[in-house]
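From first to last, the protein sequence lines stand for chains A and C. Each step along the first sequence adds one to the number in numbering that gives the first Met the number 0, with nothing skipped, and position 201 is 200. Each step along the second sequence adds one to the number in numbering that gives the first Met the number 0, with nothing skipped, and position 91 is 90.
Bear in mind the hints are in silico, worked out from the structure with no lab data behind them. There's no promise every hint is true.
Unchecked claim - According to the in silico footprint, chain A covers these stretches of chain C (three or more CB under 8 Å from chain A): (1) 66 to 78; (2) 93 to 101; (3) 196 to 204; (4) 207 to 217; (5) 253 to 264.
For glycine and all other residues, C-beta sits at the position ideal for the given N, C-alpha and C.
Listed below are the residues making up each chain.
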Amino acid sequence: MKLDRRKFLKIGAVAGGTAACSVASPVMARDEREPDPNWYGMLNDSTRCIGCKACQVACKKENKLPTESTLGDDKAFGEAIYDSPRELSEHTYTLIKMHQDENQQATYVKEQCMHCVDPACQSACIVGALTKEADGSVKYDAGLCMGCRYCMVACPFSVPQFDWFKAIPSIKKCTLCSETRLSKGQPTACSTACPAGAITFGKREDLLKIARKRIEAEPERYLDHIYGEKEIGGTNVFYLTKPKVAFASLGLQDFDYKAVSGLTESIQHRIFQYFIPPIAVYSILGGIMAYNQRRKKEAGKLGGDDEY
Amino acid sequence: MSIKAAPLQQKFITPNFWVLIFFMVTGAGFAYFRFFEGFGSVTNLSKAYPFGVWIAFDVACGVALAAGGFTTAAIVEIFGREKYHALVRPAILTAFIGYFLVGLAVFFDLGKYYNIWHALVYWNGTSVLFEVAWCVMLYLTVLGIENIPNVIEQFGGGKVNLPGPLAKFNGLGNWFLSKADWFCRKTMSFFVIAGVVLSFGHQSSLGTMMLIAPYKLHELWYTAMSPLLFLTSAVCVGPCMVIFEGTLATKFFGRKSEAELLGSFAKYIPLFLGTYLLLRFGDLAYRGVLAQAFDGSVQGYSFLLEMALFIVPYFALKSKAIRMNGTKLFLCALSVICAVVLNRFNVFLIGMDMGPNWNYFPSVGEFAITFAFLALGVMMYKIGVNYLPILEEEH
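Just chain A, same shape as in the assembly (with noise of 0.2 Å):
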């Protein structure tokens, strides 16, 4: 019984040692996922864009949704504000947004599901529900969902709604329309609606080439960047902004070019890189086990009962 301590000490250091190399170990990048080029996409040009809102009215059609009503708010906030809803929500799949600078100059610009290359969202869903399908859209599916909300924490664009009021909620988002209108050849409803050209329907590959001659051609009018094409490992949607207005004071921040969901997936894959952590962790704590049981044995009796 000497030895005790120490023994135990040392032990528990390897023990120990082993769980956290399995945990801590410094965590690598995955492999990035490229962009198919046959996904679709939408370029939403935020100097086009005149603020009329057609493709929020186009959207709650498409996807029949009801009206929410802005009225009498100005009371509280004590001045009109242009935004109707204030964010995105479980009735509302896309939203224009106000943004105003020094000048009193208005910019609009278009909020939706910027359907990822690599989803958040799809990396984060529990039971999968959530899927980058085929045609470049990512598809929510009601029927898996267990509502847990965890694609909602997850997403950098805070995009997934959930249905707070019904007593059966699901989880709420912009589909692309992949199985409404897509799936029919049609473009995005959004995109159809837009009378002023601001959004463009298309490959995602297409999309970039256009987005690049428009800043090509007009560099006066463009900030030299295609929002969305790194941003996150890319998304399906990109967006255009004036030279003086930056992504960040849109809503689009600032993101780094690599997917979210990268630092979770390599710590759960090395955790469970086949097996080996948790079996030598079982197998280490099962030889200590194994060990003090013998020698308890040897040393006779120490008191205590015999079962487990």
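We have chain A already, so just place chain C on it with the hints.
Only chain C this time, still in chain A's reference frame:
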């Protein structure tokens, strides 16, 4: 030194019993609205805070605070510290109750609760939640099995005596218990180790969970080390929960003080806490974010309070005089428990910075349902120790 556990067999319906019933009934009232009128009718959850107190406290803290089970089992059964054998049964029982409540809280928090079984069938290996769900489920099963010997000890060997018309099942009950006894004797070592490995798995995975949101979680807590920190802090809080529950059980059931045994058991806590704090500060220093703790933000203050609650008991519990003083030991254990609870809140709620337009504070309904879960847990513990041989018999 023979150790023999026995059921308390005390009067069951006490004033405390009615207090627990009151909390449970209140919670059930709010639960009606949760299930039939939607989350919006009882909770303050929003698009910015889809996870509220049910996830942060009932699930994240629940899992951490149930760590007493696997830490005690590891210390006693695996590392052979037989001296603390009396602490194993209560720890395993409370862990079982804790995980049962975690499961129940998840059921309440899931929008489509009737799809909870989908986690078993539809696998998404990239999801952290998937791993958490499996480990929690398997560990709850393991804890159930680890509690079977207590039932066998009480009712095994032909002592099943069901009341009234159920008496015809006595024979079946006896047969079942004898089989269970045989099974447990053969396999218990396997399950004890499995319990520890599974705990390692999901305690750490809970730390991975919020790493999916690098642009939402505050830098003080967003670290690749998070899983390891969650695991080590769970190991720290395990013995503290044993002390906390042991002290309260002594008080409420009017039993002889276990201060000496608990005080001796507490010697592991500074060891665990030291490891944790070393990792934590090493990580913070390596990432160079410590300065953000002093920027005067809510997150900064919350971080400082969390650290203080960890550090004070670390130094205090190094002194044997404090460990052997029942009250001071209890307060130190409570401090570590609060620290871990605050840490989970910081990661799941307070550290989730969603911008100035968004805030979240739990509603009355969310509190009421949380209290109902706690009351149910205490009630289950009361039933357990009253009718099963959990606590050591007094001499």
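Holds or violated: the segment 207 to 217 of chain C covered by chain A, criterion of 3 or more residues with Cβ-Cβ distance under 8 Å?
holds (count 9)
Can you confirm whether chain A covers the segment 196 to 204 of chain C, using C-beta to C-beta distances below 8 Å and requiring at least three such residues?
holds (count 5)
Per the coverage rule (Cβ-Cβ under 8 Å, at least three residues), is the segment 253 to 264 of chain C covered by chain A?
violated (count 0)
State whether the coverage of the segment 66 to 78 of chain C by chain A holds or is violated, taking the criterion as 3 or more residues with Cβ-Cβ distances under 8 Å.
holds (count 4)
Closer than 8 Å, Cβ to Cβ, for at least three residues: run that test on the segment 93 to 101 of chain C against chain A and report holds or violated.
violated (count 0)
Hints 2 and 5 from the earlier list are contradicted by this structure; the remaining hints agree with it.
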